[in-house]
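Number of protein chains: 2
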Amino acid sequence: MVHLDARRRAVLRAVVEEHIRSAEPVGSEHRALREQLGVSPATIRSAMAGLEEMGLLTHPHTSAGRVPTDRGYRVYVDMLLEDEPLSQAERQAIRRQLGGAAETPVDLLDQAAHVLAAIAQYASVVATPGLRQQRFQALHLLPLGEQRALAVIITGTGAVQGRPITLPAGVASDDLDELSRVITQRLQGSLLADLTDERLERVVGEASRYHQLLEALRAWLRRDLARGARLRLRVEGVRHLLREPEFRRPDVATTVLEALLDEESVLGQALAAAPGEGVWVSIGTENRFEELRACSLVVAGYRAGGRLAGVVGLVGPTRMRYRRAVAAVRYVADRLSEVLDATA
Amino acid sequence: MVHLDARRRAVLRAVVEEHIRSAEPVGSEHRALREQLGVSPATIRSAMAGLEEMGLLTHPHTSAGRVPTDRGYRVYVDMLLEDEPLSQAERQAIRRQLGGAAETPVDLLDQAAHVLAAIAQYASVVATPGLRQQRFQALHLLPLGEQRALAVIITGTGAVQGRPITLPAGVASDDLDELSRVITQRLQGSLLADLTDERLERVVGEASRYHQLLEALRAWLRRDLARGARLRLRVEGVRHLLREPEFRRPDVATTVLEALLDEESVLGQALAAAPGEGVWVSIGTENRFEELRACSLVVAGYRAGGRLAGVVGLVGPTRMRYRRAVAAVRYVADRLSEVLDATA
DNA sequence: ATCTAGCACTCTCGGGCTTTGAGTGCTAAC
DNA sequence: GTTAGCACTCAAAGCCCGAGAGTGCTAGAT
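As given, the protein sequences belong to chains V and D, one line each in that order.
FYI, the working numbering numbers position 271 of the first sequence as 277, with every residue one higher than the one before it.
FYI, the working numbering numbers position 112 of the second sequence as 118, with every residue one higher than the one before it.
These aren't lab readings, by the way, just hints derived from the structure by calculation.
From a predicted model like this one, the values you see are computed outputs, not experimental measurements.
Watch out, some of these pointers could steer you wrong.
[To be verified] Here's a subset of chain V near chain D, in silico, CB distances under 10 Å, partners left out:
#1 A123
#2 Q143
#3 H146
#4 L148
#5 R169
#6 R255
#7 A259
#8 G274
[Stated by the list, open to error] Residues on chain D that point at chain V, a partial pick, calculated with CB under 7 Å:
#9 V158
#10 V166
#11 G168
#12 V244
#13 R245
#14 L248
#15 R254
#16 P256
#17 T260
#18 E264
#19 L267
#20 D268
All residues carry an ideal CB built from backbone N, CA and C; glycine is no exception.
Can you build the whole structure from these sequences, using the hints too?
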């Protein structure tokens, strides 16, 4: 942990906040700075020089003002960040969006992404849990013509997943209902991730004639497990990023947008680094991925059915309005948990 | 319809194709042009002057070469476009992606978007039909605790849509199965768009105690109808656009990306203008929406279950490789129709 | 009648120059 | 420890100019 005397602390905070506001390097004679700190430019200069020595500020070139480094933002976020509660109107807007009509969970998460992007004016992302993170509620095998059926899994959160499967020879349509009922009864409440091969095997007895059918189900789940690492991501409000001056350089914009839109695995894995508790901030080069080095993430988990279900967050430039971002993410995550925990 | 003599025709084609290749204004002394046309620059110049007069070419400034106008591209596409069949390898790649494992329709469309973007190197978009465009296959009401049920609609293409609804007082869990069966039987095969209020009403008898439940179903469908205009869109390969020189200007890029990503309704409505048959090309200012004036769309419909189900297409700069784009879109749409028509 | 060559003209682009001014670091006085 | 003064540095902006690309026009060749 870095130690800062009161003066440097004040200077760091002022520089960071002013830079966040203006997007320009901040000089020692800057008006807002002088007013806020009430000391002479020379004094500010010496503090700045110290902060630069510590690696918290930097200089684009000799005659420019100071700009926070990623480490500078880190210290700011860790030590100097004050809460900036959302306005009453904003809270209401969020609650209205999320508390509205009983939607499907997917709709709800879409709306969360939407409102978060709108309020924070950055790109938002919601990672919805893969199948395996959810609890098995029921399986329904629905006849779908000759030798084919639609397998529908319903999860604890009310999500519905269907997939057509081919029936083994010798399984009639009439068996499907019975089979559905048996499987549902036996597996209800299990985490889908826990449905290992053996577990499924035991459900209907080993040498059963349903073997082939179970195999299909298993393949389905396994496939979903494989893509489980990269959760399903919903990204919204990308337009806000393009307004930020740091993303006006086309190469930077391209890199970031690729990471957000086309290579979802990058963002997904970056999000996976978030701890379960609280609001997590990852700044610039702290991100595991090169592509996100111009960005910061502000992320929080949300809960459904009493368990951590996914994460919701913001992506912005490192020069991000962390106060607002943290407040918005926290509020949305909390509301989301409230709604989802209630319905599960 | 514009009339062009052979010379102008050849010059227009050469200019358009060279500009597409190089992204630069094309001068009358341009090497490729002279070689291709085999006449002197002066001759080319006079043809160009004529084409400019007709509004098919333009001049960024006095001493620059010519650039096609939107109308120029239009004439090129309508009169001068030759087929450029995809390579064997590309066809195979597309077929592999689309013919693979029996996926859910949604997965299939995602893959179509993916492979199309990869092959054409532009952004791709796939519009999947709204619920109402599909045929009703079955309804299942699945108990979901106290007074609540999950209504699952299965459509002809095997798509699954679920939504929790609240049961009217006096409807027990046991009734649900029976009710599901009745509704399924009566409605099977109907187009969801045709499920009008009266139609639903008749299904279980008028003053029925299921009234409230039907009301919920109806609301669901109606809601989907409302959002039916904007189909569900899957956009991929946006990164390719950012590589194009015309999208390097941040304001242009912002406008286009907003239209593609955040304001799906814009793209959706633009796509809705596509006719059902063949490959449709919409160039720059021909697009209904201001935001897309820097873009061209190349779009074709695909069929499922014997009916037009949705559209698939590309979004690129007006300086687009139309030959490739048209070939790729046509091929993907055809393969998609093949697969979807087969499984429906 | 069409094409070509020649030529004067226009206008953008890029390089190199200078000026400007913001911001710094240092030193010495308070 | 703080402040004022001052010389120094360096990017950004403006400016000028030459180079070069491309044009349109006209007169002559085919």
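Now for the hints, and whether the structure bears them out:
Below 10 Å, beta-carbon pairs count as interface contacts, and A123 (chain V) has one with chain D at about 8 Å; its hint therefore holds. Interface hint status for Q143 (chain V): upheld, as the beta-carbon distance to the closest one in chain D is roughly 8 Å, under 10 Å. A least Cβ separation of about 6 Å between H146 (chain V) and chain D falls short of the 10 Å threshold, and the interface hint therefore holds. The interface hint given for L148 (chain V) holds, since its Cβ lies 6 Å from the closest Cβ of chain D, which is under the 10 Å cut-off.
The criterion of a C-beta within 10 Å of any C-beta in chain D is met by R169 (chain V), whose closest approach is roughly 5 Å, and the hint holds. A hinted interface residue such as R255 (chain V) counts as satisfied when its beta carbon comes closer than 10 Å to some beta carbon of chain D; here the least separation is about 8 Å, so the hint holds. Among the interface hints, the one on A259 (chain V) holds; its C-beta lies about 6 Å from the nearest C-beta in chain D, closer than the 10 Å criterion. With 10 Å as the threshold, the beta carbon of G274 (chain V) stays out of range of chain D, its nearest partner Cβ sitting at about 16 Å, so the hint is violated.
Because the closest C-beta pair between V158 (chain D) and chain V is about 6 Å apart, less than 7 Å, the hint holds. For V166 (chain D), the interface hint holds, the least distance from its beta-carbon to any beta-carbon of chain V being 3 Å, beneath 7 Å. With its C-beta approaching chain V no nearer than about 3 Å, G168 (chain D) sits inside the 7 Å limit, and its interface hint holds. Hint on V244 (chain D) holds. Least Cβ distance to chain V is approximately 5 Å, under the 7 Å limit.
Look at R245 (chain D): its Cβ gets to within about 5 Å of chain V, closer than 7 Å, so that hint holds up. Satisfaction of the interface hint for L248 (chain D) is found here, the shortest Cβ-Cβ separation to chain V being roughly 4 Å, below the 7 Å cut-off. Annotation: R254 (chain D) was flagged as interfacial toward chain V, and the flag holds, the nearest CB pair being 5 Å apart, inside 7 Å. Satisfaction of the interface hint for P256 (chain D) is found here, the shortest Cβ-Cβ separation to chain V being roughly 5 Å, below the 7 Å cut-off.
Against a cut-off of 7 Å between C-beta atoms, the interface hint on T260 (chain D) holds, since the closest Cβ of chain V lies about 4 Å away. Interface restraint check for E264 (chain D): the shortest CB-CB distance to chain V comes to about 4 Å, inside 7 Å, so the restraint holds. Below 7 Å, beta-carbon pairs count as interface contacts, and L267 (chain D) has one with chain V at about 5 Å; its hint therefore holds. Because the beta carbon of D268 (chain D) sits about 5 Å from the nearest beta carbon in chain V, less than 7 Å, this interface hint is met.
Checked against the numbered hints above, the structure violates only hint 8.
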